Amino acid sequence: MTFHTVDLLTRDGARLSFPCAEDQSVVEAAAAADLFLPVVCREGGCGACRATAESGDYQLGPHSEAALSAADAARRAILLCRTYPRGPLALSAPFDRARILTQALRPRHAVVSERTLIGARTVRLRLTLEDEGEGSAAEFEAGQYMELEIPDGAGLRRAYSLANTANWDGTLEFLIRLHPQGHFSEYLERRAAVGDRLRVHGPLGGFTLRENGLRPRWFVAGGTGLAPMLSMLRRMAEYQDPQPARLYFGVNRAEELFALEELGALTDSLPGGFALIPCVWQAEADWSGVVGTPADALRADLAAMSGEAPDLYVCGPPALIAAVEQAARDRGVPDDHLFSERFLPGAR
Amino acid sequence: MFCYQCEQTTRLPTGDGCASAKGLCGKDATTADLQDLLVHAVKGIAQQARRARALGVPDNDAGAFMLHALFTTLTNVNFNPTRFVTLLHEAAAVRDRVAARCEAALVADSDTAQTAPAPTGPAVDWTPAADLTGLLAQAATVPVNADLARVGADVVGLRALILYGMKGVAAYANHAAVLGYTRDAVFAGVEETMAYLASDPTDMAELLDRALSVGRLNLQVMEMLDAANTGRFGTPHPTAVRVTPVAGKAILVSGHDLGDLEALLKQTAGTDINVYTHGEMLPAHGYPALKAYPHLVGNFGGAWQDQQTDFATFPGPILMTSNCIIEPGPRYRQRIFTTGPVGWPGVRHLADHAFAPLIAAAHALPGFKADDLKTAGPEQTVTVGFGGDAVLGVAGAVVEAVKAGDIRHFFLIGGCDGAAAGRNYYSDFATGAPDDTVVLTLGCAKYRFNRHEFGSIGGIPRLLDIGQCNDSYSAIRIASALAEAFGCGVNDLPLSLVVSWFEQKAAAVLLTLLALGIRNIRLGPTLPAFLTPTLLAVLVERFGIQPITTAPDDIAAALTCAA
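Chains as they are written, first to last, in my numbering: chain A, 742 to 1089; chain B, 109 to 671.
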């Protein structure tokens, strides 16, 4: 088997090298070198492991168009879990070195402590980690996710972003959209009960806050893409981060809005100020807020903006992310101000 | 980014210095550049503050800000660019406040204007840009090597020597200030020197004299810090420190700030949490007021460069109190907290001794269990607390041992540890020193050999741990007292200094030793990148500074010279 060297440059400038066989994905080869990259589905379906091939030849394996479009692939965007080298490969990754683990995480167990319907087909799920000799702390970075195993689901996992912040009583909070025919949705809707015991894997993921001085932080969330944004905003409040923040929160219909009370509470606790901009795509006549997608609202505000272009954090379906990226490009927001995490039904 | 302030800086045939997206210390270019700009801003404060002092309206709060600001720019202290943007705006406000103070003084007494003319220059006129992009553009005009093409590498190197020495001075003075110890003369010295740097000096002889004046200023600061530490916590006594864990919840405290440690010990008193020291915090165990807390149970891990391993395996939260942080690994990133001048992006900062989140974390995390103790092996200890008074208390016995020929020579092996391969020189040196010699040590380089069994000479331990790098004044007192006892100068003592430098505190201490006229210091593991061949030749000629070679050769040479 022919091996090639993969050089991976992380967002914060760290360089990692490891050998990769031609029939190994970059993710697999990294794991063989005890480097566990932040990935979700490992099947080319979610887009969580998007990176850029700076130089070298490679072959892309089968993947979802939503996770990596043909146009992006033509620009040498790749999915690390679907990239197979054909020569020495130099890659740049959109996550920091600290997001790469050097040993696999052990799964833990958690118990359902709350399951509440908080909007049309959105559930707030709270779990409490069991001690298991490792203490009760829930240690993760705002914006990261966990993989939850469905009880009696033959090991089937689904990835969900955490909505709360790291804490010392072991609480994990998720905001989960109920999808028709979704395995985890079916569990949540019909069987989940307080006291259920689940296996959890994580924390995982590299979609986290960046320190860029006092540059404003604008968050764009579609539906339950709110979860990592809520986590980040709560962490900003805990740390008393000085950056001004605003959140574009988009849903299809007004009754699908949720977590407004928690978001409203942030207004007084963020020292740099906070603006909440709910956006409803299919609004009724009595809706007095923004009508349209959060990308539409963002585009309008970027046009009216003066001063430093904000950092944009985006989480939602691929179409929303593409629309935000386009709005940002059209308004001259530099690419390195954009941080995104897309979710697809298969991955969530 | 261009930075060559520490020992690990990039060394290339094309030129030394970190000049890429990320320095070898882990600092990214944005943060490094903002730190350059903060140094520029501090120069502006210093210019105004020097004038204010001349006008009789000194502003020591501005001085305290300068100490803190410069401390944040040391290697391995603060890596958070947001913090530096905030500091830059604060710096401009401090400078303008001092300028207004000067103007108010002039209104009250217009005759004094001639004695203290208004300062001029870019650091006085600088206004922070509104956004990060603008600040970085400003930073690009003030790197440490900004004038290289015009004035040459020797002048730039001497300016850097002064600046880096001043960073060390600021760090030590800040340590004393947070314990409530300040002096007008120190603030005045900081103002004078930073204002001097603002004048873009080019006279080599004058620059060298200024460098030595930084050393003299640092001597004052080290004496003040010694007074602060002993005044607050008592005189260190020889103390055996457990280096194997005990069962129970645990917090690890690293860095140098004894006041932070004391505050945490108070806040955890009466709980089931044990507190451990790490790295340069080890000498804390020798202070009566700190070791009085029974839950200060021991020391964990090694020197600062081992922290990614030490912290990942420590089963509780970690508090990093001053310099020496390196990138927190994923396994402990959520349970490390910073305080004081320290910062890392995404790591929670606890100001003003508000340690409640740290203590909550300790309760939640597992702590050491009985099984952990089995793998740690039998109980072990190291002995610390041989500060100035402890050694001077047995000075008579030491002198007699020398006169009787039982002690042939003293080696002071002091300074920082580091990850570079060549640093095994220091352990080879200490363990290779003949049995009729005594090794004094301070700083974290000791971790390379402090578990070695050195034995004793006539009841005097062969390894005497004087303390942190912050305790350099103790070493100077010991050397001076021995010289007095023998009726000779320090350079005539059977004493060799072997200095392991890493960052700017060590630069300040080195300048102090040179200012005291101490010669023949062996310096390593590599020489500072900012010392050009010309500057090194001057230091060799005037002070006999010697780059280290091999431990056996240097030991033999030291003993031959002394014979």
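The reader is advised that the hints may include incorrect statements.
[Said to hold, decoys possible] Listed below are several chain A residues computed to face chain B (Cβ distance under 10 Å; list not exhaustive): (1) Gly-754; (2) Ser-758; (3) Phe-759; (4) Glu-763; (5) Asn-905; (6) Trp-909; (7) Asp-910; (8) Leu-955; (9) Arg-976; (10) Glu-1049.
[Said to hold, decoys possible] Below are the EDC-like pairs computed for lysine to aspartate or glutamate, each with C-alpha atoms no more than 20 Å apart in a straight line: (11) B:Lys-511 - B:Asp-543; (12) B:Lys-477 - A:Asp-1077; (13) B:Lys-477 - A:Glu-890.
These are calculated hints, taken from the structure and not from any lab test. Computed from a predicted model, the values in this text were never measured in an experiment. We put the beta carbon where it would ideally sit given N, CA and C, even for glycine.
Broken hints, by number: 2, 3, 4, 5, 12 and 13
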